[in-house]
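Quick mapping for you: the protein sequence lines, in order, are chains A and F. The first sequence runs 1 to 250 under our numbering. The second sequence runs 1001 to 1250 under our numbering.
Hint data in this document are derived by calculation from the structure and do not stem from the laboratory. Do not rely on the hints blindly, as some may be mistaken.
Only pairs whose alpha carbons sit at most 30 Å apart, straight line, appear in this in silico DSBU-like list of lysine-lysine [as the list claims (entries may be wrong)]: (1) A/Lys247 <-> F/Lys1182; (2) A/Lys182 <-> F/Lys1144; (3) F/Lys1208 <-> F/Lys1182; (4) A/Lys208 <-> F/Lys1182; (5) F/Lys1247 <-> A/Lys182; (6) F/Lys1006 <-> A/Lys235; (7) A/Lys182 <-> F/Lys1006; (8) A/Lys182 <-> F/Lys1122.
For reference, the chains in residue letters:
Protein chains: 2
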Amino acid sequence: MNVSNKIDSYDVTVEPFHVDFTGRMFLGILGNHMLNAAGRHSQRRGWGIGTLNEENHTWVLSRLSIEMWQMPRQNEAVQIQTWVESVIRLFTNRNFAVLRPDGTPYGYARSTWAMIDTQTRKPCDLLSYAGGDILRYVVSPEEKACPIEGHGRFRFRDPQLVRTIETHYSDVDINGHINSIKYIEHILDLFQPECFRQPGIRFEVAYKTEAYMGDRLSFYSQPGEGGETDFEIRKDSGDVVCQAKVKFLS
Amino acid sequence: MNVSNKIDSYDVTVEPFHVDFTGRMFLGILGNHMLNAAGRHSQRRGWGIGTLNEENHTWVLSRLSIEMWQMPRQNEAVQIQTWVESVIRLFTNRNFAVLRPDGTPYGYARSTWAMIDTQTRKPCDLLSYAGGDILRYVVSPEEKACPIEGHGRFRFRDPQLVRTIETHYSDVDINGHINSIKYIEHILDLFQPECFRQPGIRFEVAYKTEAYMGDRLSFYSQPGEGGETDFEIRKDSGDVVCQAKVKFLS
């Protein structure tokens, strides 16, 4: 199969209410567009969530690392490309490119997904699911580069509690879980406004446990190793919901 | 001018992350689509915000009343129509229809806007602005019906404080103001989840004063007259930011 048949492109325009006070797209909105692109890419190939649900399976997002050197501005046209970079038994890596109309990149993203059985909640072997059909769509790094670093590691020593929030109706998705994008928004809300005047950002998130409407979430933070800030979100039970790493890029 | 040249239609599809736990579109997302439709409708006719800003003017949303008998579900196609119903010197009324592909309505909305001078913050006479050009686009109620009631009145007696929130980066629009749609989200977050299982909703909001990033907002509520709940949002200064009226429709 030709590489171009394995990469999908989605065009979006940056809407007026999707930009922050600097006039640039909210990262959460971009993340939402990426998840939509991922959903349509897999749906077109027969392993979208709809098809999977019929067979009691679903996709679970495990990691998302977005690195934007510049954020698109209001009314700008943006193309989001997505493709599968690799499949490693229980996980698949999916990449994204965020491009200007002239093809130059605003940035890239990497994501890692597991497929689970919705009844047992156990991960499935992707190499055997549907006869390993997903392997037909793998685009190697030589065929299509994703020139940003892979997901980093988290080492929490003595993170400090910086905010506790209640979760509400608007935080929750169709499965009753806190929407994966909402965590990005809540974490960015912890920063001083001046930070968002920097041109770029690298945002990594590792999803650990689901949280539900009404769960109270506590945000812990510590300075990371390369100038970034690390976050851990915990429920009242102490369960870690997700971890994140944020670095503004000059 | 033909009526059809005065009414614009915008097609949207209900995205996966734009639905609530019942699988139906968040009202805030719908409101966002309406404001986008309004922006494009006025832009196409030469009085969009971009053009106005060049002449130190801008549109200010004063009232928005949305009545949805049913909310569109995930993946459904929705057409949003918008037109100007009337112009009354300092205010213009713009309506919206939210339609299914077969033309039957999910619901309607009414909105009221003022145009202000961005330097003096005073409202402008719409009948004289650009030679009253806006009057060319008025569609009378006889030509295009908007079969929902007009904006209601607010009479606060002894509203009770129900929540106080801090505002953050993600609440704010390109002007540094709390995004008008965010108020809708924050108000709906005050309701118990069961309410959202009702098929419809009527949501009215009256915008009074701007709030800014970092402003603390206190939500006061009281039972309204026709089974609805009335809300008033106040800053720490006591200034009323907006008032709202919510009624779930069975």
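Verification of the hints:
no.: 1; hint: A/Lys247 <-> F/Lys1182; result: 26 Å, holds
no.: 2; hint: A/Lys182 <-> F/Lys1144; result: 39 Å, violated
no.: 3; hint: F/Lys1208 <-> F/Lys1182; result: 15 Å, holds
no.: 4; hint: A/Lys208 <-> F/Lys1182; result: 28 Å, holds
no.: 5; hint: F/Lys1247 <-> A/Lys182; result: 26 Å, holds
no.: 6; hint: F/Lys1006 <-> A/Lys235; result: 52 Å, violated
no.: 7; hint: A/Lys182 <-> F/Lys1006; result: 38 Å, violated
no.: 8; hint: A/Lys182 <-> F/Lys1122; result: 37 Å, violated
Hint violations for this structure: numbers 2, 6, 7 and 8, all remaining hints satisfied.
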